[in-house]
Amino acid sequence: GLLLAQRRAFSNNKVLVELDQSSGVATMKLKSPPVNSLSLELLTEFCISLEKLENDRACRGVIFTSALPKVFSSGLDITEMCGKSTEHLTEFWRAVQEMWLRLYGSSMVTVAAVNAISSPAGGCLIALSCDYRIMAESPKYSIGLNEAQLGIVAPFWFKDTFVNVVGHRIAERSLQLGLLHPATEAHKLGLVDELVPEEKLLDRAAAVMAQWLALPDHARQLTKSMMRKAVLDRLAAHREEDIQRFISFTTKDSIQKSLRMYMEMLKKKK
Amino acid sequence: GLLLAQRRAFSNNKVLVELDQSSGVATMKLKSPPVNSLSLELLTEFCISLEKLENDRACRGVIFTSALPKVFSSGLDITEMCGKSTEHLTEFWRAVQEMWLRLYGSSMVTVAAVNAISSPAGGCLIALSCDYRIMAESPKYSIGLNEAQLGIVAPFWFKDTFVNVVGHRIAERSLQLGLLHPATEAHKLGLVDELVPEEKLLDRAAAVMAQWLALPDHARQLTKSMMRKAVLDRLAAHREEDIQRFISFTTKDSIQKSLRMYMEMLKKKK
Amino acid sequence: GLLLAQRRAFSNNKVLVELDQSSGVATMKLKSPPVNSLSLELLTEFCISLEKLENDRACRGVIFTSALPKVFSSGLDITEMCGKSTEHLTEFWRAVQEMWLRLYGSSMVTVAAVNAISSPAGGCLIALSCDYRIMAESPKYSIGLNEAQLGIVAPFWFKDTFVNVVGHRIAERSLQLGLLHPATEAHKLGLVDELVPEEKLLDRAAAVMAQWLALPDHARQLTKSMMRKAVLDRLAAHREEDIQRFISFTTKDSIQKSLRMYMEMLKKKK
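Chains as they are written, first to last, in the numbering used here: chain A, 1 to 270; chain B, 271 to 540; chain C, 541 to 810.
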């Protein structure tokens, strides 16, 4: 029927995209079991999908969510950082940067619909980079940039994005302690904009999206760009240094050890 | 009598100024029916009045309010932007800049007393540029930088002023959606500092002013300048580019059309 | 016994330091009756003590508090600014800068435990420069940067530190009015992170410290440095100008007069 014809889907291995042409709203669902780790493959698909949507005049907004129950994304895939060559680490980190540059700088309206036991690190970054964050209300769910818990330092552009959302004082404490904030606390801190019952998550995301799409695109896009330009430019200007910093930090024996221990712990949890 | 002699008033067509020499407090009332649009004429009078007060050693603080009931200011006068020459647009925008540079950079204590069905765009900017904002408590009243609703982009220095007041996250959403926040919400967001019953608005403004004037001027002025200098300097350094940006944006066919539609809508409302 | 052997104390005239080697936590207690004024002598001892701890691998965190009841610190010692030579003012201000550079830039975890009738100016700065601030809950206690009350301007780096904690709008008003915020208000504004009953202050500080020390040091230190570097670098780059500004402001007749009046007032209060 007509309604079906209005929907276009393209799917890769790890990112499902569905575009509703009548509303101009796409949904990007991460689907990389068990925990949507941001592997090089997922990141690459994410960037390609986002670029396709960005260039598609039929698409004005994207809702980011997960195809897996109770998982949004576990963050960067640690296996991409353990015992890998400099070339691999370079390629991986460039993909992480690319993902953020495209998402934080997207001219489309971006809404994160987060339902997750835990949404750490890179998963939290995806949410922070959207225009609006909705989270399923449950005492079991949490979100945060928990790099410090792993002995890792969040890069400056994670930090800049975080400060833009929650302010300096909250970011400073949260980053130093690597806190995962329970949903209610995350809402109180401004880390998520809204809590909803889990079964209403996607409906609410669609309603919020409709509110944002009621505005003319051009002025909204210029406004968004004005708000985010300083922080985007900063990574663009220091991209290679940021890769070098990542490599020299990640390849340290102590960090490699700490990452392996964390992987072991994750395996035992299963 | 003596009390009368202590008051000096000077009035232009659109801005009424009364200085109480005993307290050192002036009141500037916008009076340009029907909605205190910030026309070139009003802006020019505003700047001249403010400069007079700034140079008057008898004046230490200014309360900004409206002489019209239920209206603070509807914002920039759209008729000044529709079908006008480059020369006119240049003169107009320079006057808008001048108003903000003088008000945000004023060494006097500035308090906004806002009672308005709606206080959008330029009207909101006046309030944001004061040291303190008091608003009449009514579910009918609202305030915000709603440029995006008109398909217009708030200039970077509106944005900088807004971010200084409400922080980055709230400014980002509010500017992109062109939100007019109801009084209670505006207070919760920090966009206004205090809500009072409408009949107590000016009394409360006077009481707040007295609190601020209890401090020695010199240290307070240097402190204010230290807080606002970075944002003031940014416009001062990019004034001509900002004018060019305004002209090239405003003279676009799509924007001219959108402004004309908005004017039609306003006429029908009356 | 073993427990006693694990504690090392070094004491100067005005700063008591006790390091618990088992936990890695030091406590620095200001002890300069009657009000822990930040004199040149106290500041010098403070810096030396902090440097010792910083270089002591057994020390990972410092709790800052007062050895005097109901007093944290009255702030900078005004007698150091009254009728003194340029050489003395230079030495004094350099010591104030040094204290802040070391404390705000400390790689250790820093927790302020504030119990004070009033914690103004320099006393507040010490608290603001820590990672976490706990205050005894009492309607009699207050904290703030009250320089403006004395006709003095807080230097830009006091301001930067304050803005990082409470944001621009609150800092702007608080600094201009030289407000001392009662404990409950200070907590609401984010100026202190937590209120506790006075008798539990140090226990709670120890518990918070334990939470912070549960994290690996290295990543936490790099994260802290990333958060604070911009503000620290700004003073480091403008240190001599800042000293000159302090001297030319402080030696003004009007300021000298205002400081003498303040000292008289303090004497009468006793």
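Honestly, the hints are just simulated from the structure, not real lab data. Some hints here could point you the wrong way.
Stated by the list, open to error - Here are the computed distance ranges between Cβ atoms for each label pair:
hint, chain 1, residue 1, chain 2, residue 2, range
1, B, K527, C, T724, 49 to 55 Å
2, A, K252, B, E464, 42 to 48 Å
3, A, P139, B, E464, 54 to 60 Å
4, B, E468, A, Q21, 28 to 34 Å
5, A, K140, C, T724, 30 to 36 Å
Claimed, not checked - Counterexamples of contact, computed for chain A against chain C with all Cβ distances above 10 Å:
hint, residue
6, L40
7, I78
8, H88
9, E172
10, L175
11, S254
For each residue, glycine too, the CB sits at the ideal point set by N, CA and C.
Results of checking the hints against the structure:
no.	hint	verdict
1	B:K527 / C:T724: 49 to 55 Å	holds, 54 Å
2	A:K252 / B:E464: 42 to 48 Å	violated, 53 Å
3	A:P139 / B:E464: 54 to 60 Å	violated, 36 Å
4	B:E468 / A:Q21: 28 to 34 Å	violated, 49 Å
5	A:K140 / C:T724: 30 to 36 Å	holds, 33 Å
6	L40	holds, 23 Å
7	I78	holds, 15 Å
8	H88	holds, 22 Å
9	E172	violated, 5 Å
10	L175	violated, 5 Å
11	S254	violated, 7 Å
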